[in-house]
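Trainee: Next come the chains, spelled out residue by residue.
2 protein chains.
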Amino acid sequence: MTKRASWPSPLNIFFLLERLKSMARHIIQCPSCNHEIELYQNPLPTVDIIIEIESGGIVLVKRKNPPYGWALPGGFVDYGESLEEAAIREAKEETDLDVKLNKQLHTYSDPKRDPRHHSISTVYIAKAKGEPQAKDDAIEIGIFNESNLPEKIAFDHRSILDDYFKRNTLAL
Amino acid sequence: MTKRASWPSPLNIFFLLERLKSMARHIIQCPSCNHEIELYQNPLPTVDIIIEIESGGIVLVKRKNPPYGWALPGGFVDYGESLEEAAIREAKEETDLDVKLNKQLHTYSDPKRDPRHHSISTVYIAKAKGEPQAKDDAIEIGIFNESNLPEKIAFDHRSILDDYFKRNTLAL
Numbered sequence: 001m002t003k004r005a006s007w008p009s010p011l012n013i014f015f016l017l018e019r020l021k022s023m024a025r026h027i028i029q030c031p032s033c034n035h036e037i038e039l040y041q042n043p044l045p046t047v048d049i050i051i052e053i054e055s056g057g058i059v060l061v062k063r064k065n066p067p068y069g070w071a072l073p074g075g076f077v078d079y080g081e082s083l084e085e086a087a088i089r090e091a092k093e094e095t096d097l098d099v100k101l102n103k104q105l106h107t108y109s110d111p112k113r114d115p116r117h118h119s120i121s122t123v124y125i126a127k128a129k130g131e132p133q134a135k136d137d138a139i140e141i142g143i144f145n146e147s148n149l150p151e152k153i154a155f156d157h158r159s160i161l162d163d164y165f166k167r168n169t170l171a172l
Numbered sequence: 001m002t003k004r005a006s007w008p009s010p011l012n013i014f015f016l017l018e019r020l021k022s023m024a025r026h027i028i029q030c031p032s033c034n035h036e037i038e039l040y041q042n043p044l045p046t047v048d049i050i051i052e053i054e055s056g057g058i059v060l061v062k063r064k065n066p067p068y069g070w071a072l073p074g075g076f077v078d079y080g081e082s083l084e085e086a087a088i089r090e091a092k093e094e095t096d097l098d099v100k101l102n103k104q105l106h107t108y109s110d111p112k113r114d115p116r117h118h119s120i121s122t123v124y125i126a127k128a129k130g131e132p133q134a135k136d137d138a139i140e141i142g143i144f145n146e147s148n149l150p151e152k153i154a155f156d157h158r159s160i161l162d163d164y165f166k167r168n169t170l171a172l
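As given, the protein sequences belong to chains A and B, one line each in that order. Everything in the first sequence is counted per the numbering used here, starting at 1 for the first residue and increasing by one. Everything in the second sequence is counted per the numbering used here, starting at 1 for the first residue and increasing by one.
Mixed in with the good hints there might be a few duds.
With a straight-line Cα cutoff of 30 Å, these simulated DSS-like cross-link-like pairs (lysine-lysine) come out [what the hints assert, rightly or not]:
| hint | chain 1 | residue 1 | chain 2 | residue 2 |
| --- | --- | --- | --- | --- |
| 1 | A | Lys112 | B | Lys100 |
| 2 | A | Lys166 | B | Lys100 |
| 3 | B | Lys112 | A | Lys103 |
| 4 | A | Lys166 | B | Lys135 |
| 5 | B | Lys127 | A | Lys112 |
| 6 | A | Lys100 | B | Lys166 |
I should point out that these hints are in silico values taken from the structure, not numbers from a laboratory.
With the sequences and hints as input, model every part of the structure.
Mentor: Have a look at this one:
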């Protein structure tokens with residue numbers, strides 16, 4: 001017997017709508033009186049960097065914390081810091097490489113791209129010389145190319161890499 | 001007598017550093033006990049839309065609130081909303097036009113681009129038919145082209161429009 005696709009029940013739709021509403025709310029507790037305060041929450045700006053190593057390949061880091069898997073180096077943008085400054089800083093913190101930014105690839109914003117929260121990532125293509133070192137949040141670091149990407153890639157980074165390799169192929 | 005450029009005094013450097021530090025802090029007051037709570041602040045994601053009208057020209061709105069001047073239609077991205085959804089919604093709210101997004105132009109993040117706070121704007125190029133209407137925050141709406149842009153343009157929108165027109169010229 002095959003399983004047919006079915007519409008979600010009204011109860012499921014109710015819970016889905018409640019979940020979507022709660023996503024936009026951010027409740028904190030006053031450390032002095034424990035009063036609950038509802039804050040307006042914005043998506044969180046991040047950067048990710050596709051680092052092209054001079055001798056060939058791009059750099060991925062294997063994450064120490066969930067979501068597990070390999071990922072592009074990257075992280076949060078600080079208040080008062082430009083995306084470009086954040087990309088250079090995060091590349092250094094996560095790979096020890098001094099990168100030269102080449103261009104913005106695209107800005108990715110699907111609310112489901114990170115299971116922990118809604119982040120919006122601007123992805124840069126950069127160049128670097130030398131040997132990357134695993135730092136901070138990484139348990140391993142590696143240089144990959146289109147034909148030997150690792151199987152488990154976190155977030156939407158496989159899809160970002162698809163865009164990157166497709167773009168490079170088209171540009172030939 | 002000509003005025004020579006000089007280094008800022010140690011006092012000025014102190015005040016500048018304090019100002020930079022305070023930019024990253026966001027203090028709120030508990031509505032129940034007035035306790036001051038320091039929050040971590042992220043830059044605010046926004047979208048701006050360059051709407052190409054089918055009959056020629058792009059749409060700018062004249063702002064009702066400071067900073068005054070003409071600006072691209074745009075606004076804040078909601079938590080749980082993609083940049084594309086935000087761009088279509090903001091275009092509708094500010095111009096009453098139903099836009100079809102064409103592509104991302106670039107994401108702009110200079111901390112000084114908005115005098116009120118650090119916002120990061122992803123700019124879309126879109127197409128629309130029909131007559132734009134001034135709504136919400138606009139006191140006037142107009143269709144402009146490269147040769148008749150208004151004199152007073154808010155934020156970094158003149159520089160964004162420069163990028164847009166330069167790109168279009170290069171693509172010819």
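Trainee: All hints, please: hold or fail.
Mentor: Now the hints, each set against the structure:
Proximity of Lys112(A) to Lys100(B) is assessed by CA-CA distance (about 23 Å); at most 30 Å being required, the pair is judged to hold. Proposed proximity of Lys166(A) and Lys100(B) is supported: the alpha carbons are some 24 Å apart, at most 30 Å. Restraint check for Lys112(B) and Lys103(A): the C-alpha separation of about 21 Å stays at or below 30 Å, so the hint holds. Only pairs whose Cα atoms come within 30 Å are accepted, and Lys166(A) paired with Lys135(B) is rejected, the gap being roughly 41 Å.
The hinted pair formed by Lys127(B) and Lys112(A) meets the criterion: a straight-line CA distance of about 27 Å does not exceed 30 Å. Between the alpha carbons of Lys100(A) and Lys166(B) the distance comes to roughly 24 Å, so the proposed pair stays at or under 30 Å and holds.
Violated hint: 4 only; the structure is consistent with all others.
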